[in-house]
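Asks: Chain residues, written in single-letter form:
Protein chains: 2
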Amino acid sequence: MNILEKISQSQALFSKSERKVAEVIMANPQTAIHSSIATLAKMSNVSEPTVNRFCRRLDTKGFPDFKLHLAQSLANGTPYVNRHVEESDGPDEYTKKIFESTMAALEVARQSLDVNIINRVVDLLTQAQKISFFGLGASASVAHDALNKFFRFNVPVVYFDDILMQRMSCMNSSEEDVVVLISHTGRTKSLVEIAQIARGNDATVIGITSKDSPLAKECSLVISLDVPEDTDMYMPMASRIAQLTLIDVLATGFTLRRGTKFRENLKRVKDTLRESRYDKKQG
Amino acid sequence: MNILEKISQSQALFSKSERKVAEVIMANPQTAIHSSIATLAKMSNVSEPTVNRFCRRLDTKGFPDFKLHLAQSLANGTPYVNRHVEESDGPDEYTKKIFESTMAALEVARQSLDVNIINRVVDLLTQAQKISFFGLGASASVAHDALNKFFRFNVPVVYFDDILMQRMSCMNSSEEDVVVLISHTGRTKSLVEIAQIARGNDATVIGITSKDSPLAKECSLVISLDVPEDTDMYMPMASRIAQLTLIDVLATGFTLRRGTKFRENLKRVKDTLRESRYDKKQG
DNA sequence: ACATCAAATGTAGTAAAATTACAACTTGAC
DNA sequence: GTCAAGTTGTAATTTTACTACATTTGATGT
Chain A
1 MNILEKISQS QALFSKSERK VAEVIMANPQ TAIHSSIATL AKMSNVSEPT
51 VNRFCRRLDT KGFPDFKLHL AQSLANGTPY VNRHVEESDG PDEYTKKIFE
101 STMAALEVAR QSLDVNIINR VVDLLTQAQK ISFFGLGASA SVAHDALNKF
151 FRFNVPVVYF DDILMQRMSC MNSSEEDVVV LISHTGRTKS LVEIAQIARG
201 NDATVIGITS KDSPLAKECS LVISLDVPED TDMYMPMASR IAQLTLIDVL
251 ATGFTLRRGT KFRENLKRVK DTLRESRYDK KQG
Chain B
1 MNILEKISQS QALFSKSERK VAEVIMANPQ TAIHSSIATL AKMSNVSEPT
51 VNRFCRRLDT KGFPDFKLHL AQSLANGTPY VNRHVEESDG PDEYTKKIFE
101 STMAALEVAR QSLDVNIINR VVDLLTQAQK ISFFGLGASA SVAHDALNKF
151 FRFNVPVVYF DDILMQRMSC MNSSEEDVVV LISHTGRTKS LVEIAQIARG
201 NDATVIGITS KDSPLAKECS LVISLDVPED TDMYMPMASR IAQLTLIDVL
251 ATGFTLRRGT KFRENLKRVK DTLRESRYDK KQG
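Going down the list, the protein sequences come from chains A and B.
All letters in the first sequence, in the order written, are residues 1 to 283 by my numbering.
All letters in the second sequence, in the order written, are residues 1 to 283 by my numbering.
Just so you know, the hints here were simulated from the structure itself, not pulled from any lab data.
A couple of the hints might just be wrong.
Simulated pairs of lysine-lysine, DSS-like, Cα-Cα distance not exceeding 30 Å [stated by the list, open to error]:
#1 A:96 to B:217
#2 B:6 to A:61
#3 A:6 to B:61
#4 A:96 to B:20
#5 B:20 to A:61
#6 A:6 to A:130
#7 A:217 to B:96
#8 B:96 to A:130
#9 B:130 to A:96
#10 B:96 to A:211
#11 A:42 to B:211
Produce the complete structure using the sequences and hints provided.
Replies: Take a look at the structure:
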């Protein structure tokens with residue numbers, strides 16, 4: 001946890017002198033981390049042990065340990081960490097907040113991922129005869145993106161954003177097929193139904209969704225992504241970004257698993273695309 | 001600059017014993033920041049002054065200062081510095097690398113953004129009679145996502161991933177319309193043509209693309225996103241993620257600009273969606 | 001108003017950590 | 001082999017942080 005935040009929240013616990021120390025540190029944290037306990041004590045007009053006690057009150061081992069925590073808090077870019085967009089925010093503020101909260105969400109998502117499951121999913125994908133990506137609403141664009149990625153791999157890959165087409169596609173699926181269903185909440189009815197249909201045809205159903213959701217229960221394998229819920233109105237769903245990054249991970253795993261020959265093919269696809277582009281030098 | 005990166009780059013400057021210190025630190029940086037110079041010296045099988053010299057070689061004031069730098073580097077998310085996926089990487093490695101490189105790309109992208117332009121684009125979007133989002137390939141799913149976002153705002157919004165439909169749509173555009181064109185390279189021929197058509201009809205053309213590209217030249221306003229180029233094969237395009245986050249920023253700016261009444265409407269749309277979902281308690 | 005006690009703060013001494021100065025040892029060139 | 005440049009370690013010094021204890025402060029009850 002950010003120690004600067006902790007300081008401002010712990011004001012009540014501090015004694016009068018300790019509060020003096022807190023003020024000096026908050027006013028100039030950058031100086032604080034480069035000071036010795038003696039200089040900091042002088043700056044705060046207190047004795048050295050008071051500074052030491054102040055550090056311990058914040059659950060650090062002592063002054064050097066406190067400095068370490070402080071340094072880490074400062075490194076995280078913003079001394080102050082309110083990442084929620086507020087009505088009064090100007091463009092620079094909300095831009096910063098959105099980017100930062102997105103990055104934070106990615107970090108959380110990464111830590112929640114189960115690598116073993118990813119590995120098994122990559123396994124299944126490489127062995128699939130046909131891969132389908134389905135999602136609705138915001139997750140539709142993620143499925144769309146997955147289509148783009150895997151299409152380049154020259155694998156039979158399918159994507160629909162229409163419920164009926166998704167359904168029909170699944171009704172024709174077979175044992176060698178892999179169906180990837182994307183849904184943040186895992187509570188979209190028609191997706192759950194599609195999972196059931198696909199499972200009924202012995203297809204492998206992989207869910208990219210939150211665990212313990214109705215959708216998760218119908219899947220052969222679930223990659224669960226914990227993403228901080230979008231608590232406030234303005235905040236956009238970082239879940240999509242996490243899902244996309246996960247798609248990147250799967251695609252990368254896929255490429256690695258397929259070996260060198262396969263990657264040469266990938267390069268050919270890239271070259272073909274070039275023809276539809278203006279030359280870089282022509283600029 | 002990240003000191004871990006610096007260590008791995010400075011290998012050449014180190015002497016034999018200093019390299020031992022480097023190894024121990026790289027192997028377990030988390031332990032290093034909590035060790036004294038004596039323990040670290042013992043762990044590396046060198047003397048204390050050697051550790052100290054090691055620190056100075058990295059342009060730090062001494063051991064405590066070095067620990068501070070190290071702590072900050074660790075806080076910044078990236079303990080391991082090589083973000084490029086390698087053939088030998090296992091699932092845990094490539095997962096980590098992809099997430100980290102994506103976050104790094106977001107950070108770079110954020111810093112390259114011009115807030116003033118964002119503000120003007122938000123202005124234009126709020127005043128638009130109709131908003132169109134067009135992209136091709138990987139950028140198509142970004143446009144798709146933008147459709148989803150802005151559709152909820154109850155604004156006339158249009159999206160096509162078909163070249164001809166995009167063209168036709170632009171031919172019918174008028175002065176009050178805003179056309180948003182998304183392309184990482186800015187060199188996709190048909191998108192450039194579409195920009196020309198739309199401009200010909202006096203529509204406002206906004207490009208989300210790299211600056212100085214052919215597409216950028218045809219736009220009324222360009223939001224340029226600098227994203228580290230995907231130098232190696234496996235690495236997926238972080239540009240999409242940055243573009244999506246930018247869309248989030250624009251959507252947020254849009255909501256803020258529209259005021260309270262508008263946000264109530266947004267909430268209504270959210271509630272309507274709930275009906276197509278399984279209840280949370282039903283689980 | 002004063003005695004009493006607990007909490008807060010500081011003083012002085014101690015222990016630990018980091019740095020310096022210097023000596024001993026490598027290594028490679030001649 | 002020897003000299004010089006560079007490297008490493010030892011031991012002393014200095015700086016820094018911590019501990020134990022003494023003093024002060026301020027609040028409470030008589």
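Asks: A separate judgement is required for each hint: does it hold in the structure or not?
Replies: Each hint tested on the structure:
Proximity of residue 96 of chain A to residue 217 of chain B is assessed by CA-CA distance (about 27 Å); at most 30 Å being required, the pair is judged to hold. Between residue 6 of chain B and residue 61 of chain A the alpha-carbon distance is near 29 Å, which keeps this suggested pair within the 30 Å criterion. Distance hint between residue 6 of chain A and residue 61 of chain B is fulfilled; the C-alpha atoms sit about 29 Å from each other, no more than 30 Å. For the hint linking residue 96 of chain A to residue 20 of chain B, the alpha-carbon distance of about 41 Å lies beyond 30 Å, and the restraint is violated.
A hinted pair counts as satisfied when its Cα atoms are at most 30 Å apart, and residue 20 of chain B with residue 61 of chain A qualifies at roughly 28 Å. A C-alpha spacing of about 52 Å is found between residue 6 of chain A and residue 130 of chain A, which places the hinted pair above 30 Å, so the restraint is violated. Between the alpha carbons of residue 217 of chain A and residue 96 of chain B the distance comes to roughly 27 Å, so the proposed pair stays at or under 30 Å and holds. As the CA atoms of residue 96 of chain B and residue 130 of chain A are separated by approximately 28 Å, the hinted pair is consistent with the 30 Å bound.
For the given pair, residue 130 of chain B sits about 28 Å from residue 96 of chain A by alpha-carbon distance, which is consistent with the 30 Å threshold. Restraint check for residue 96 of chain B and residue 211 of chain A: satisfied, since their Cα atoms lie roughly 21 Å apart, inside the 30 Å limit. Between residue 42 of chain A and residue 211 of chain B, the direct Cα distance comes to roughly 52 Å. Violation of the 30 Å bound is thereby established for this hinted pair.
Checked against the numbered hints above, the structure breaks hints 4, 6 and 11 and satisfies the rest.
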